[in-house]
Each structure stands twice: as structure tokens, then as C-alpha cells.
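Given chain A, put chains B and C with the ligands in place with the hints provided.
Residue numbers (our numbering), protein chains in the order written: chain A, 37 to 342; chain B, 365 to 615; chain C, -6 to 374.
Quick caveat, the hints were computed from the structure, so don't treat them as lab data. Note that CB positions come from ideal geometry on N, CA and C, so glycine has one too. Treat the hints with caution; some may be incorrect.
[What the hints assert, rightly or not] Restraint-style ranges between C-beta atoms, simulated for each label pair:
{"no.": "1", "chain 1": "A", "residue 1": "59", "chain 2": "C", "residue 2": "11", "range": "42 to 50 Å"}
{"no.": "2", "chain 1": "C", "residue 1": "14", "chain 2": "A", "residue 2": "59", "range": "41 to 49 Å"}
{"no.": "3", "chain 1": "B", "residue 1": "584", "chain 2": "C", "residue 2": "271", "range": "28 to 36 Å"}
[Said to hold, decoys possible] Simulated crosslink set (DSBU-like; lysine-lysine; CA at most 30 Å straight-line):
{"no.": "4", "chain 1": "C", "residue 1": "36", "chain 2": "B", "residue 2": "559"}
{"no.": "5", "chain 1": "B", "residue 1": "512", "chain 2": "A", "residue 2": "209"}
{"no.": "6", "chain 1": "A", "residue 1": "204", "chain 2": "B", "residue 2": "469"}
{"no.": "7", "chain 1": "A", "residue 1": "266", "chain 2": "C", "residue 2": "36"}
{"no.": "8", "chain 1": "A", "residue 1": "239", "chain 2": "B", "residue 2": "562"}
{"no.": "9", "chain 1": "A", "residue 1": "58", "chain 2": "A", "residue 2": "239"}
{"no.": "10", "chain 1": "B", "residue 1": "562", "chain 2": "C", "residue 2": "135"}
{"no.": "11", "chain 1": "A", "residue 1": "214", "chain 2": "A", "residue 2": "283"}
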Amino acid sequence: MATFMIYSSKEKQALELITAAKSVGAAAVKAVCINDEAQANALAAAGAEVLLINNDAISLADVAAVASALGQVAAQLGADTILLSSDRRGKEAAGRLAAILDAGCLTDISAIKANGDKIECQRNALGGATVATQYIASDKKIIAIRPKTFDAPGAGSGSVNAMTVDVKASAVKLIETKTRGGDSVDIEAAEALVVVGQGLNSKDDLPAVEALAKKLGGEVACSKPVATDKKWLSEERIVGLSGKKCKPELAIILGISGQVQFTVGIRDAKVIVAVNSDENATINGMADYILTADMHDVIKEMNSSL
Amino acid sequence: MNIVVAMKQVPDLQQVRIRNREPVFTDVPLVLGNIDKNALEAAVAIKESGDANVIALSAGNEDVEDTIKEALAAGADEAFLVLDDKLNGAESGVVAQVLAAAVKKIDDVGLILFGEGSGDNYSGQVGSRVAELLGLPQVAYASALELKGDKALVTRSLEDCTEIVEVTLPAVVTVLSDINEARIPSVTQILKAGKKPKEVLELDEVGVKIPPAASVVTVSNLAPETERKRIVVKSVAELIQSLTTEGVIGR
Amino acid sequence: MDFSLSKEQLMIQGMAKEFAEKYIEPVAEQIDRENKIPDNILKGLAELDLFGIPYDEAYGGADGGYDGYVLAMEQIGKASGGVAMTISAHSLALSAISFFGTEELKKKYMTPSCKGEHIASFAFTEPATGSDPKSLTTTAKKVGNEYVINGTKRFISNANWPGVIVVFAIDDQTNKPSAFLIDKLCEGYSISEPWDKIGMHGGMLLDVYLNDVKVPLENMLGGPSMGYPILQCGISFGKVGVSSTALGGTLAAYEEAMKYATEKMHRDAPIAKFQAMQLRLADLAIKYETARWMTYRLGWLANNVKDPRAFARDAALTKTFVCDNMVDCARIAMDVHGSYGLMNDYKISRIWKDSIIGPQIEGVADMQKMIVAGVNLAERK
Ligand SMILES: Cc1cc2nc3c(=O)[nH]c(=O)nc-3n(C[C@H](O)[C@H](O)[C@H](O)COP(=O)(O)OP(=O)(O)OC[C@H]3O[C@@H](n4cnc5c(N)ncnc54)[C@H](O)[C@@H]3O)c2cc1C
Ligand SMILES: Cc1cc2nc3c(=O)[nH]c(=O)nc-3n(C[C@H](O)[C@H](O)[C@H](O)COP(=O)(O)OP(=O)(O)OC[C@H]3O[C@@H](n4cnc5c(N)ncnc54)[C@H](O)[C@@H]3O)c2cc1C
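Looking at chain A on its own, in the form it has when it is part of the complex:
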């Protein structure tokens, strides 16, 4: 029977990993927390056996130290199946830890399923054109699971125990942390998304988009260029391969051409509406409802009739 260990720098994602471990048959879940007592308590309250490392020498910005700490705990616990969150910090640690443990490693996992003694994992491949199902055959396994793939677990009774590790002097010094462009949203959690692309004329049209999102009880999201090139919206609103994978009930996609790097982030939505001035836009191929029109007119009309 596999020994499961989980770690994420984020409490919410660590909780999801507990559910993930249980979904593939983990009887007990060991969780590692680094310099985060609040997270330790939350994970314990969800039934995990938490090992809390309090060590000022470990900075999250120094992945070498984080991976080294995780490696030491894994060795002490005899953990062979390690679940990490596939956010950027998690992915950065995954490869490093895999090298330490000589483990097989899969990242960006969007579904896992036990099949006999194998854990079958799904991930996008070839830029999102295909979905690969893979499992790790080596003794040690590291699986990094995308945030939001699992819900938080119910309550349980776990424990928190202190753990000590040795880390080398750090060669990485954190100079400054800047939080992102002010607005903090969670487009993955939204039931409805109004997704805008480069068809949007200007930043001044955003208030109307926001009004529509509000009316639908959802959030505004965007294609990558709108955030990274035009900087009209923050990067946490990007849908797609390098953004978020969203599964809203309703996605209204306006002024987006529908490149595969974008569509992988929205193809699991229940109902997709495509509004594009180009009746042949690729996005129409993956929509349930297609409206060929100027997105600005559509937004205005929807705002006034909803």
C-alpha cells in the first residue's frame, strides 16, 4: 500500500490534495507544512497527519531549500506517492524533488483515477491538442495536480507534529514581492464567465463587460493578449494553456478567435456562447450558440435586456 504525502504552499490547494489522495485510495494522508502553522491546523482539521517544519532558513523563494526539506520528510516517512499542487511554485518544486528522490513525475494533472495499483493521470499534451493518460511506473511517484481539480475534504481529526530538517545556506535572496495588479479574482470558481479577447476596442469598454458579468453572477476573464500585451486586465484572468482552466456553467466568449491554446482553458464549460464579428471564427466550432455580431453591441443589448 502506497504511503501518501502531500504539499502545497497554499492552504486551499493542500486541502484539495487531501481529497485527491483519498480519491485514489489513500487510507492516511501525511501533509507537510513549511513555516505555516495556520495551514497545518487547517489540514489537521481536515484529517491529515501534518508534519510542520518551522525553520527560518527556508524561504519559499528558494525552491532548492523547499525541495530538500520535502525530500528529507519523504525519506523519514517512507512516502512513495507525493502529491503537489500544479501551480507555479508546485511545478517548480516537483522537478527538483523528483531529481532528489529519483522519482517519476507528472505535472499539470487534471484528473486522477486508481486503476489496480496504478494511478492514471490525465494531462494536456501537444499544446492542448490532445489529452494524454499516463501513469508513473517507478517506485517513487510525484504527481502535481492542477488547482480546483478536487474539492476540499470534509472535517476529520488529524494531528500536527513538528519536524526538523537541515537545509543548506541559500543562494537565492528574496528582494521584493509585488502583488498582482490589485484586483484579486478567482475565475476558476465562477459559475459564469464573460471572456473577452482582442476584439474589444478599448479599455474604456470594460465597465460594460463588468456590468454584464455582474448581471450573470459571474466574472470577467480574457484571452492572453488582453492581459499580457494590452494589460487591460490582470493576468489572473487569463483563460487557457498558460492561464486558468475553467469549467463554468456558462461561458460567453466575445471577440476571441479560438486558438487551441485558448480553447483548452474553456472547453469544459457546460454551455459556450461565441460572439464574434467573423462568422468563420474558429471559436464558433466549439460553441453551443453562435452569434455573429459586434461584441460591443451585444454587450450593450444584453446589459439592457437582462
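Same frame as chain A, now just chains B and C with the ligands:
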């Protein structure tokens, strides 16, 4: 100082076709990964503003000898290649061992750059694995990179924040595609690429053995099935009507 | 026989494709509307050596061969016929200079042109003659150690840009045409307003007025009375560019038709479901492939011309086929689009207008056939 840029040969994704949900690779040309080109551009930018020699490092089958010309045309000064048929599509762990062993054979390495993820697999492990194997510090997801003496100032872009970190060289940095716009090489640069110095090693010369059993097994790799309704509506009113019937608005 | 491209050829093709898709395609419609190529596009073409692909490095070229030239021009022509035509006419002049010029002339005139600092022109056509070199009226009169040139040239590509122009004039010493290299915008050189032509907008077409333009003797190209051979030979090289431009347009027509047929819905399936559409798509594929290999072969032939007459024939037959073929393809692709294709919103409308130009330039189609038959019949004797 040498800057090593690890670059992966991948099938040109734009030309991969899907037939019966299976990807078809026949006759698809091999190219260097897109984000790897941003890593190269970052290295060349450092070279142009200071003093560095840029080495493109790649492990793969013998086609890499041709494919690497893309890097040599786009500003790499030389190529360092480890070639073996078995390296084609080899898993991250093996590739990392080969790259780490190759880096050890290069003198005076200050910086080892990677793309944040490869064009085809995008698993983002190799940079971190190489850093660990070489015992070097690392910063991933760089959206800016600047050298300051024996240190590098790197902006790491995370989901909810950016960190500016100072890392002591030598170090491993993986870059995001938005760190820069990779240059398009000119005809002259393309034609001179093949004449730049190139060191080619075989697998046993770097002392890496490929384990007989794969640590990651692929069960299937299929295009997802999509069944969308694709109903063309003529007006906003008609759209709202349909969405109400679907039960996704007006709840 | 090996029909595959080398890595270098693939890279030249890929580089031109990337530049065309990233920078030209987004403004192609604007170029068509405004009849002007934005400066940053010209600068980008220059930086990538696209003004000097086939020429010797000693004269500022990239030494990429006419095979590389064909591959790059196809991609540029696919994005914008006007941009490709600009390079094609420029290269026509450079090929003539490269083939017939002295070391000094090549150094002086080709270097800035290959680097894209200048854009070259080739001036044969006159108001009274297009296809008949015997009817030239522009005159070159020898006065001391220079020639004085007078006359009007019609439909001269790139005549507005600074750089060299190859001018054909009747030499008063021999009463036959000689060719001269003149600096455009020199004293006595003036131009008309650009002609408002049907397509290939952005490619500038003007009349040139030569009024007592003084040219040093050493600027005579290839020697006295060499006008006719230079014209024949230069234009043969020019046809490599014209053919590649048309090939690019053909590819664009094919891709537009494919895109439209698979995206335009009839009831609940794309119109590509109709067999009539499939036949058109097949015809386009057949026509593109035929034109492609003919044009690539012409590029390869141009790299090593041993017999100018045989090359003139191959250039003439390739150009005739490929340019007529683009017209056919534009028509077929237009039929796939139906009325929508007639709207300037659709790229096929531009391709259609561009397509009709190829058969009428660098020798009209009939003249090409006369060259083909002439060379073949002469060889038979
Ligand atoms: C490695 C990699 C990762 C990437 N990751 C992502 C990602 O995570 N997310 C992402 O989005 N992209 C990503 N991209 C980029 C992606 O390939 C596309 O370039 C991008 O999605 C295009 O954005 P867009 O559809 O908004 O813009 P465009 O492609 O420019 O499309 C704009 C659309 O708006 C329509 N339009 C214009 N005006 C109007 C109007 N008035 N009314 C209605 N419609 C109008 C046009 O017809 C067109 O279809 C990635 C690319 C790479 C190489
Ligand atoms: C976009 C564009 C760019 C151009 N660029 C240049 C340039 O850079 N430099 C330049 O010098 N010119 C240029 N021209 C001019 C072009 O090369 C000539 O117009 C072309 O060669 C045809 O000449 P023409 O129009 O006078 O036709 P004509 O010679 O008058 O031919 C008209 C018709 O008469 C027939 N015909 C003519 N002679 C004969 C014959 N002997 N036997 C049988 N039939 C015959 C032909 O079949 C043809 O259909 C350009 C033209 C265009 C449209």
C-alpha cells in the same frame, strides 16, 4: 562567461494533424520549442549588453544537428549536442541527467537557461531537475532577467504575485514566453548557422545510461471529443431565450 | 532526384513566413487600401536580408541562391502581392546588374540595394512600347565622356524610391538599345503620380521622365548595344520573382478556400460536405502543387544559368503557367466564397484583383509563348 541555453527539438505543433483523434507526426518538420527561443533571446540579450558566450545545448536524435541551426541563426555562438536515437522523446528524468552531464563538460558556466516548459509536453520539470542534479540554485517562471556581477536579478511571475529575487551564479533560470520577443534570424544568419562551432557527443561519452524501464507510461494520447450544438442565433433576444431554456441564466 | 528542402531552405521559408504572418499580414489590407507599404515593413525586410537574398555577399547580398529567394518570396507574396512585387521588380534590376555589371558597378549599385537602403528599378517600357524593343524612343546621346539621356518610361516599378534604375535607350553610336545605370532622383529625373492600378497595391508604379540626364560612360551596362540581351536575360531572372509572387497568391487562394469551405455552414455542416466544393478544393491543391514545383525548379535553374536562351524559355513557360494558374485559382476560390468573396472584407477579393496582374507584366503571356516556341523551334533545326 558561458551562458548555456537548453533547447528541445519538438515536432512543429502547427503542422501536427489529428486523424481519428490520434495525432499524426508523419512528415511534420522538427523545430526548436517556442519558449526555448525566448530563453535563447534572453541569453543573446545579455551577451549583447555585456560579455558572454552563448551555447545552445540539446539532447535528441541525430536530426538535432540540423534543427539546432535555428538557435545558431538566432544568436547562439556554438552548439553542444548529445545525440542518440534513444533520446528522441526520452522522459524528463533521463533528459535532465544528460543535460546535467553535458553542462559539467562546459567550462565557466554562469547561467543555464530553459524555457518554462517544452513545446510538446510542457511538463516544466527538466530545468528544476537539472538544477538539483548540478546542486545549483534556480528561479523558474522568469519574466525579467538581469545580470549584476556574480549575481542575477530575476523576476519570478507567480499566479498571484511577482517576486524579485537575487540569485548567486551559476544558477538555473527558466523563462516565460513573455520575457521578450524572440528575434527572427536574417537570411545571412541562417546561412552562416551551419558554419558555427558545434560539439557533438554520444550518450556514453556523457556517461548516462538509459534505464530499460520507463518511469512514466503513456496509456493513450487522444484529441478530446467535442460535441457542441453550434446553433447559430440571429439576435441577442434569441440568445437570451436559448440560454434561459438551458437554465444557465435567469436562475 | 530529391524533392525535400534542406534545413537552411526550410529556415529561410520559415523566417519569411514568420515575418509575413507577424508583420505583413496584419497590415496587408491597409497596404491594399492606402497603396503604401509602412516603413517598418520595409525596414524589417531589409534587416532580414530579403532585398538581397540571391546575390553575392561581396555586393551586400545574402548568398542564399534563387532557390532561397523563391521560398521567401512565396511566403511574402502569400501575405501581400504588393510587397512581393516591390521586391521582385527590385531584384529584376539587381539580377541584370549582377549578370552584366563590372566589378565597380556591382559594388557601387548593388551593395546599398541588397541591404535594402535603396530600392532598384528596371525601365524598359515606354508609352509606345511594351513588348517590342525595336520601338524604343528614349535616346542616349554621347557627349564627351558621358551620355545624355532623354525620354519617357511608363509603368516603372519602384521609380519613387531612391536607388539605381536600369534604363534602356537607343544609343546614338550604334542605333541599337544600350542599358545605363542611373541614380534615381538625380538631376533631370522626375516621376509622375503613381498609377492607380487594379491590384498589387503597395507596389508602386510610375512613369519616369528623363530630361537631359547625364550618365558617365562607365555606367553603361554590359557594353554598347547590349540592351536587347540584357533585357531578355534580366527579364528572365525577373520572372523568377513574378512567378514566386504568383505562387504565393495561389497558396493564399487555396488556403482561403479551404478555410471558408470548412467554416461556412450550410444547415448544420460546413459547405465542404458538398462534392462540388470538394472538387474545387482538389483542383486548387492540384494547381498549387503543379505551380509550386515548377517555380521551385526555376529558382534552382536560376542559380546556375549556363545557356541564357534555354533559361529564358524555362522562365517564360514557368511564368506563363504559374501566373495564369493563379488567375484560375483565384477564380475557383472566389466560387467557393460566393458573394461574400466579392466584399473587400474577404482576402480572396484582394487575391482576385492581384491575380490578373501577373499575366500582363514582364512580357505579356503571348510574348512568353513566342519565346518558348522560338527557342524550341530554333533548337530543333
Ligand atoms: C505557448 C503559448 C501559450 C499560450 N497560452 C494562451 C492562453 O493561456 N490563453 C490565451 O488566450 N492565449 C494563449 N496563447 C495565445 C493564443 O495562441 C492566441 O494568440 C490568443 O488566444 C489570441 O487571443 P484573441 O483570440 O483574443 O485575439 P485574436 O486572435 O486577435 O482574435 C480576436 C478576435 O476578435 C474578433 N473581433 C474583432 N473585432 C470584433 C468585434 N468588434 N466584435 C466581435 N468580435 C471581434 C476577431 O474576428 C477575432 O476572431 C498562447 C500562445 C502560446 C504560443
Ligand atoms: C504592375 C506592373 C509593373 C510593371 N513594372 C515594370 C517595370 O518595372 N519596368 C518596365 O519596364 N515595365 C514595367 N511594366 C510594364 C509591363 O512590363 C508592360 O506593360 C508589359 O511588358 C506589356 O506591355 P504592353 O502593356 O505595352 O503590351 P503590348 O506590348 O502592347 O501588348 C498588348 C497585346 O498585344 C499583343 N502583342 C504585342 N506584341 C505582339 C507581337 N509581336 N505578336 C503578337 N502579339 C503581340 C500581346 O499579346 C498583348 O496581349 C509593369 C507593368 C505593370 C502592370
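TODO: Hint by hint, work out which the structure violates, then give me just those numbers in ascending order.
DONE: Going through the list in order, the structure violates hints 8, 9, 10 and respects the others.
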